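J.: Read off the chains here:
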Amino acid sequence: MELSLFDTFILEHRDSFKDEIKEISSRISQIGKTTGARENFFKPEGDSKFRNRYGDLIYALYDTKKSKLRLYCIRLSNVVVILGGGGHKPKSIQKWQDDEKLSEKVNEIMRYASCISKQIDEGDLYWSEDKCKLRGNFRKFDYE
Amino acid sequence: MNKSNKARIIDSPILDEILNEISPLEMERTKNRMQISARIDDLIKSTGESKTNFAKKHKKKPSEISRWVSGTQNFTIDVLTEISFLLGVELSELLQCDSKEKKELIGYQAPLVIGNIGASFPSPFNRAVSVYTGNMEDILSN
Chain A
1 MELSLFDTFI LEHRDSFKDE IKEISSRISQ IGKTTGAREN FFKPEGDSKF RNRYGDLIYA
61 LYDTKKSKLR LYCIRLSNVV VILGGGGHKP KSIQKWQDDE KLSEKVNEIM RYASCISKQI
121 DEGDLYWSED KCKLRGNFRK FDYE
Chain B
1001 MNKSNKARII DSPILDEILN EISPLEMERT KNRMQISARI DDLIKSTGES KTNFAKKHKK
1061 KPSEISRWVS GTQNFTIDVL TEISFLLGVE LSELLQCDSK EKKELIGYQA PLVIGNIGAS
1121 FPSPFNRAVS VYTGNMEDIL SN
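If you're matching them up, the sequences are chains A and B in order. For the first sequence, the tail end lands on 144 under our numbering, and the numbers increase by one without skipping. For the second sequence, the tail end lands on 1142 under our numbering, and the numbers increase by one without skipping.
Careful, some of the hints might be misleading.
Listed below are the simulated EDC-like cross-link pairs for lysine to aspartate or glutamate, each with C-alpha atoms no more than 16 Å apart in a straight line [claimed, not checked]: (1) A:Lys22 with B:Glu1026; (2) A:Lys22 with B:Glu1021; (3) B:Lys1051 with A:Glu39; (4) A:Lys65 with B:Glu1021; (5) A:Lys18 with B:Glu1021.
Over the 12 Å line for every Cβ pair with chain A, so calculated as not near, a few chain B residues [as the list claims (entries may be wrong)]: (6) Ser1012; (7) Gly1048; (8) His1058.
The hints are simulated quantities; they were obtained by calculation from the structure and are not laboratory data. Computed from a predicted model, the values in this text were never measured in an experiment. Ideal Cβ positions, reconstructed from N, Cα and C, are used throughout, including at glycine.
With the rest of the complex left out, here is chain B (with noise of 0.2 Å):
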């Protein structure tokens, strides 16, 4: 049988530094930006065509497509018209990003574990996602 080494979680005082410097507005836009690239994500998957086949249909050039599901796409609402345009859903149906179907693909919700450094973000969620950090050898002592 395996001997495995208690795991270790340490506190990033240098990510903590950073992340208190991130306005709580800044944040809600990053979170919007980031649930409304999941949801066209999720959207286009549901037309069951591949991200290429679907730029193609739309004669868009595949990376603009991947820019709007990478999470970094300051959108405009004439954007997302034309997103949900494409997609054959109304606009409000695009930004539903907290309805209860999405709160189940989501379903990953949680303190933001982080390996090594062990930075431990509150969530109102049950459910972890571990972002870890090298150094390897520690992470994975457990």
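Extracted from the complex, chain A is given alone in its bound form (with noise of 0.2 Å):
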């Protein structure tokens, strides 16, 4: 079967993080069906480097007071979002960064973010006319 990056979140964090990943999933259904992708569900995420060149792309679901699971994604507007993957974030750390299974997860999901910016600005990727959906196709390659 293949796997979206949000699905393999789920499978890898669903035993040991089940109330957290319930949680997101709810949050994630409603963002769908009530509220759309509004700024202030997320909080910005991504080096600095990336949020120069691209802005503002690289989010996480803010995380609830007891949660210690974070998940990434490009939020494109406040009608599309991609969801990445993410991973478990301790409390003991401050930044992305100081944990090497999260910094995997977010230079992944930038370097999606970066093709997907890219190629927007090419114009092989464009919006439809509602803007909800993203059409084209998309090619890969990475970001430097």
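Starting from two chains that each stand alone, build the complex the way the hints lay out.
T.: Okay, here's the thing in structure tokens:
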């Protein structure tokens, strides 16, 4: 079966962080059904090099007070979010850069976001008329 | 002219399984938390102040304001009362998440389309929010 980054995130953490996975999934469901992907639900992430170049695209869903699980995504607008992966963020660390696994996940999502951003600029990807879908053929290349 | 492949929508039994484990009551709690957060965010914006300034003005930490609007806080009546007081509105107005005005603000309610996984959540509304999950090549191949 083909797995998305978010599927993999669920599979990796559903046993150890069941409550967090349910909480995150219910919020994503509500974002889709009632509130939209308002910026206030997301915490800007990514490194300064990326943000200087591409702006605010990488976000994490805010943690609940007790949660130790972080999900990263690409927030393209109030109506389009691409969910990535994430991982365990112990309260002992301040930044994702302090954790190897989280760094790997953020770097992965930054690579995808940079590709998408470049291809939108170049016209290879474009928005549907209702601005709800990205169209075109996605090509993957590395973010330098 | 660019040639585009046809979009693929793929189900996610993994996400469906998790969503099926969430009781209607839990989902309702999440919905209310998020709608109240959205309402607070809109009311702060309507003051014309940034969240940072709003926090400073009311001697709050910016992180506390972020938590109010994050959709994660389980508000007590006391906290809601304080927020409505700071915003200069009645508590009932703060809780007015289903007003006509609010429905216009939330103009993107609809089936949640999960690209690549394609889980589709039925909704009484007509517009769509797309929440995509990687593989990006598949999501974006239309």
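J.: Check the non-interface label on B:Ser1012: least C-beta distance to chain A beyond 12 Å or not.
T.: 6 Å, violated
J.: Far enough from chain A: is every CB of that chain over 12 Å from the CB of B:His1058?
T.: Check passes; 17 Å lies beyond 12 Å.
J.: Holds or violated: are the alpha carbons of A:Lys18 and B:Glu1021 at most 16 Å from each other?
T.: 10 Å, holds
J.: Against chain A, does B:Gly1048 hold up as non-interface, every C-beta pair farther apart than 12 Å?
T.: 17 Å, holds
J.: Holds or violated: A:Lys22 with B:Glu1026, Cα cutoff 16 Å?
T.: 9 Å, holds
J.: Decide if the proposed pair is consistent with the structure: B:Lys1051 and A:Glu39, CA atoms, cutoff 16 Å inclusive.
T.: Satisfied, since the Cα-Cα distance of roughly 13 Å is no more than 16 Å.
J.: Would you mind confirming whether the straight-line C-alpha gap from A:Lys65 to B:Glu1021 stays at or under 16 Å?
T.: Violated, at about 22 Å.
J.: Taking 16 Å as the top limit, are the C-alpha atoms of A:Lys22 and B:Glu1021 close enough?
T.: Within the cut-off at roughly 8 Å; holds.
Checked against the numbered hints given earlier, the structure breaks hints 4, 6 and satisfies all the rest.
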